[in-house]
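K.L.:
Sequence:
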Amino acid sequence: MPNSTMRITLLIIFILVSPFSWAKDVYPPSVKNLPSIELGQVILLLVSAKKSKDFVGWNHLSEGPVIWLDDGYTHPESGPEKDTWVRRGLMRINVLGKTATVLKKRNLELAWQVTYRNWGNPSLGVSSITLEPGTPSEVCFFSNTGGCAFDPIPSLKSSGFKVKEICKTMSGNLVTDYELTHPKRKRTYISVTYNYGSGGENTSITLWTHNEKEAACVTE
Numbered sequence: 079m080p081n082s083t084m085r086i087t088l089l090i091i092f093i094l095v096s097p098f099s100w101a102k103d104v105y106p107p108s109v110k111n112l113p114s115i116e117l118g119q120v121i122l123l124l125v126s127a128k129k130s131k132d133f134v135g136w137n138h139l140s141e142g143p144v145i146w147l148d149d150g151y152t153h154p155e156s157g158p159e160k161d162t163w164v165r166r167g168l169m170r171i172n173v174l175g176k177t178a179t180v181l182k183k184r185n186l187e188l189a190w191q192v193t194y195r196n197w198g199n200p201s202l203g204v205s206s207i208t209l210e211p212g213t214p215s216e217v218c219f220f221s222n223t224g225g226c227a228f229d230p231i232p233s234l235k236s237s238g239f240k241v242k243e244i245c246k247t248m249s250g251n252l253v254t255d256y257e258l259t260h261p262k263r264k265r266t267y268i269s270v271t272y273n274y275g276s277g278g279e280n281t282s283i284t285l286w287t288h289n290e291k292e293a294a295c296v297t298e
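The working numbering numbers the first residue of the sequence shown as 79 and each following residue consecutively.
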């Protein structure tokens, strides 16, 4: 009996500590088989290589770790994306190991939305790429969600980026713009937007893919 009890105890301990014992539940379930990628590494995937002369095309990461929600790109006739060419997808992203969450029957990891945009001629490719925790149907902001606000700078630095703040604006939300340099990537400008209110808070990152400093630090 003592040996039997010991075996049962060891089995329970193994189940509790084994990283392969329980599949992590993710919302939505469609992204469950995607790898969870650290934020800085995602930025590396999105920024063009230093020697590349091409702009970022709509097919960028079409075979990558993204569940695409749109066929090609779309041009909504109404709503917040009216008159904008967009392509939306979902990724699993963590910030130095921490994930966004949403409370369903249990607390689940929440996917991030990646959005390609162009406000002019879609033939010129993608003008900006926005990363934000949450999905079109599940906004990461309210009390049923967590990990929606984050500081991206330590993550960027851990992936080899040098980060230089270039300006900060306050127009309802706090927007801080940075210049990113990396040994293997083109110089890039990003806008980090911190949204807050009585209902909650969140953070989003927009990459300006044409590498134009003028696109940053614009107050709406």
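Simulated from the structure, these hints should not be mistaken for laboratory data. Treat the hints with care, as some may be off.
[Claimed, not checked] No more than 30 Å apart at the CA atoms, straight line, and that leaves these computed lysine-lysine pairs for DSSO-like: (1) Lys235 - Lys110; (2) Lys264 - Lys291; (3) Lys242 - Lys264; (4) Lys235 - Lys246; (5) Lys110 - Lys182; (6) Lys262 - Lys128; (7) Lys242 - Lys110; (8) Lys176 - Lys240; (9) Lys182 - Lys246; (10) Lys262 - Lys291; (11) Lys291 - Lys183; (12) Lys246 - Lys160; (13) Lys235 - Lys262.
[What the hints assert, rightly or not] Computed spacing ranges between beta-carbons, pair by pair: (14) Asn185 - Ser130: 21 to 31 Å; (15) Leu181 - Ser236: 28 to 38 Å; (16) Lys183 - Pro261: 19 to 29 Å; (17) Cys245 - Gly198: 19 to 29 Å.
Here the structure is a predicted model, which is why all the values come from computation and not from measurement. Virtual Cβ for every residue (Gly too), placed ideally from N, Cα, C.
K.L.:
Could you run down the list of hints and mark each one as holding or not?
P.N.:
Each hint, compared with the structure:
1. A distance of roughly 28 Å separates the Cα atoms of Lys235 and Lys110; the hinted pair therefore holds under the 30 Å criterion.
2. With a CA separation close to 13 Å, the supplied pair Lys264 and Lys291 stays within the 30 Å bound.
3. Between Lys242 and Lys264 the CA atoms are separated by roughly 15 Å; this keeps the pair inside 30 Å, and the hint holds.
4. For the suggested pair Lys235 and Lys246, the alpha carbons sit about 20 Å apart, so the restraint of at most 30 Å is met.
5. Among the hinted pairs, Lys110 with Lys182 is consistent with the structure: their alpha-carbon atoms are about 16 Å apart, no more than 30 Å.
6. A threshold of 30 Å between alpha carbons decides the hint, and for Lys262 with Lys128 the separation of about 5 Å falls inside it, so the pair holds.
7. For the proposed pair Lys242 and Lys110, the alpha carbon gap of about 35 Å is over 30 Å, so the pair is violated.
8. Only pairs whose Cα atoms come within 30 Å are accepted, and Lys176 paired with Lys240 is accepted, the gap being roughly 22 Å.
9. Of the supplied pair hints, the one linking Lys182 and Lys246 is violated, its CA atoms being roughly 36 Å apart against a limit of 30 Å.
10. Restraint check for Lys262 and Lys291: the C-alpha separation of about 19 Å stays at or below 30 Å, so the hint holds.
11. Note on Lys291 and Lys183: the hinted pairing is violated, with a Cα-Cα distance of about 45 Å set against a maximum of 30 Å.
12. Simply put, Lys246 and Lys160 have alpha-carbon atoms about 27 Å apart, close enough for the 30 Å limit, and the pair holds.
13. For the suggested pair Lys235 and Lys262, the alpha carbons sit about 14 Å apart, so the restraint of at most 30 Å is met.
14. Distance hint check for Asn185 and Ser130: the Cβ-Cβ separation is about 41 Å, which falls outside the suggested range of 21 to 31 Å.
15. Separated by about 29 Å at the C-beta atoms, Leu181 and Ser236 satisfy the suggested range of 28 to 38 Å.
16. Between Lys183 and Pro261 the CB atoms are about 46 Å apart, so this pair departs from the stated range of 19 to 29 Å.
17. The hint said 19 to 29 Å for the Cβ distance between Cys245 and Gly198, and at roughly 24 Å that hint holds.
Hint violations for this structure: numbers 7, 9, 11, 14, 16, all remaining hints satisfied.
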